[in-house]
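Chemist: Sequence:
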Amino acid sequence: MGLNSFWQEDFFLTVQNFNHQIRTAQVEPYFIVECNKNVLIHLVPLDNSFNPKELIILQDNYQKENIQLIHLWEDVWLSKRTQVLNRIYSFLGLNKSFHGRKAKIEELTQKQTINFLTENHLQGYVKAKYSFGLIANNEIIGLASFSEARPMRSKGENYQSAELVRFASKGGLTIVGGLSKLIKHFTKQIKLNDLMTYADRDWSLGKGYDKLGFTLSEITEPAFLYVNRETLIRYFPHRLPKTILLAFEAQNDLNLDDFLALNGFVKLFNTGNLKYHLLF
Numbered sequence: 006m007g008l009n010s011f012w013q014e015d016f017f018l019t020v021q022n023f024n025h026q027i028r029t030a031q032v033e034p035y036f037i038v039e040c041n042k043n044v045l046i047h048l049v050p051l052d053n054s055f056n057p058k059e060l061i062i063l064q065d066n067y068q069k070e071n072i073q074l075i076h077l078w079e080d081v082w083l084s085k086r087t088q089v090l091n092r093i094y095s096f097l098g099l100n101k102s103f104h105g106r107k108a109k110i111e112e113l114t115q116k117q118t119i120n121f122l123t124e125n126h127l128q129g130y131v132k133a134k135y136s137f138g139l140i141a142n143n144e145i146i147g148l149a150s151f152s153e154a155r156p157m158r159s160k161g162e163n164y165q166s167a168e169l170v171r172f173a174s175k176g177g178l179t180i181v182g183g184l185s186k187l188i189k190h191f192t193k194q195i196k197l198n199d200l201m202t203y204a205d206r207d208w209s210l211g212k213g214y215d216k217l218g219f220t221l222s223e224i225t226e227p228a229f230l231y232v233n234r235e236t237l238i239r240y241f242p243h244r245l246p247k248t249i250l251l252a253f254e255a256q257n258d259l260n261l262d263d264f265l266a267l268n269g270f271v272k273l274f275n276t277g278n279l280k281y282h283l284l285f
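In the working numbering, the protein residues as written are 6 to 285.
By construction, these hints were calculated from the structure, which means they are not laboratory data. Heads up, a few of these hints could be off.
Okay, the calculated beta carbon distance ranges per label pair [as the list claims (entries may be wrong)]:
{"#": "1", "residue 1": "GLY161", "residue 2": "GLU59", "range": "19 to 27 Å"}
{"#": "2", "residue 1": "PRO246", "residue 2": "THR123", "range": "15 to 23 Å"}
{"#": "3", "residue 1": "GLN115", "residue 2": "HIS243", "range": "42 to 50 Å"}
{"#": "4", "residue 1": "ARG234", "residue 2": "GLY176", "range": "26 to 34 Å"}
{"#": "5", "residue 1": "ASN66", "residue 2": "PRO246", "range": "32 to 40 Å"}
{"#": "6", "residue 1": "LEU99", "residue 2": "ILE238", "range": "28 to 36 Å"}
{"#": "7", "residue 1": "ASN66", "residue 2": "THR236", "range": "33 to 41 Å"}
{"#": "8", "residue 1": "THR225", "residue 2": "GLN256", "range": "17 to 25 Å"}
Glycine residues also receive a C-beta, built at the ideal position from the N, C-alpha and C atoms.
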């Protein structure tokens, strides 16, 4: 797959096909395009000298003006093009609406969950205990996955908490009340005191969770990760391929960052997460 030096132009022209309002708002030091007056996209190349703090400040400054700035990294555009465009359709209000009350809920298999999240979620599939789908016309149009309930003894002897791990709707579709319906279904089966979830700060201001009654409880620190220049697969340090880690441990000359750079990896970062809790 590899990297494409013309990816920023490719992004601009692709979005221009369905959004003629798009324009270049800034080129240096940040390449920012304006999709409309409320949504800006910062196109972040893998080879850059930025740090997490400055990108957070950049985003916060726009947020004060009620403008959402999204940090779109080069590797994400090249490897998740369809999912990126689906998010942008949603931000621009171009999705079709479907009322969640018209859909039924079914528990999904792992295969169904993997397929749907791979196709419709920017971060793809991650293992979770429970997965429920919204079904309409015999098709999965939305999905939420949840962790198992965990005791939180620091909050009380019988306190139970779970995590909303993933939520996604079919590309091009906004399911009105869909996530709320799935959460209600889950919490009827599993007794909880709270439900926790994260919003990716690169992409979200958490407004959807605010509307559902979630409360912002923490802003997590940015995390560093690595991307393979050829496959464009992202790895957090504890999930690097075993073959790479074994090769690193077998040598004593280079630190991990330099060793990975020599072996085709780029070190990058995110801007952290917004942590939310919904109390019952």
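Chemist: Checking each numbered hint in turn, tell me which of them this model violates, lowest number first.
Modeler: 1, 3, 8
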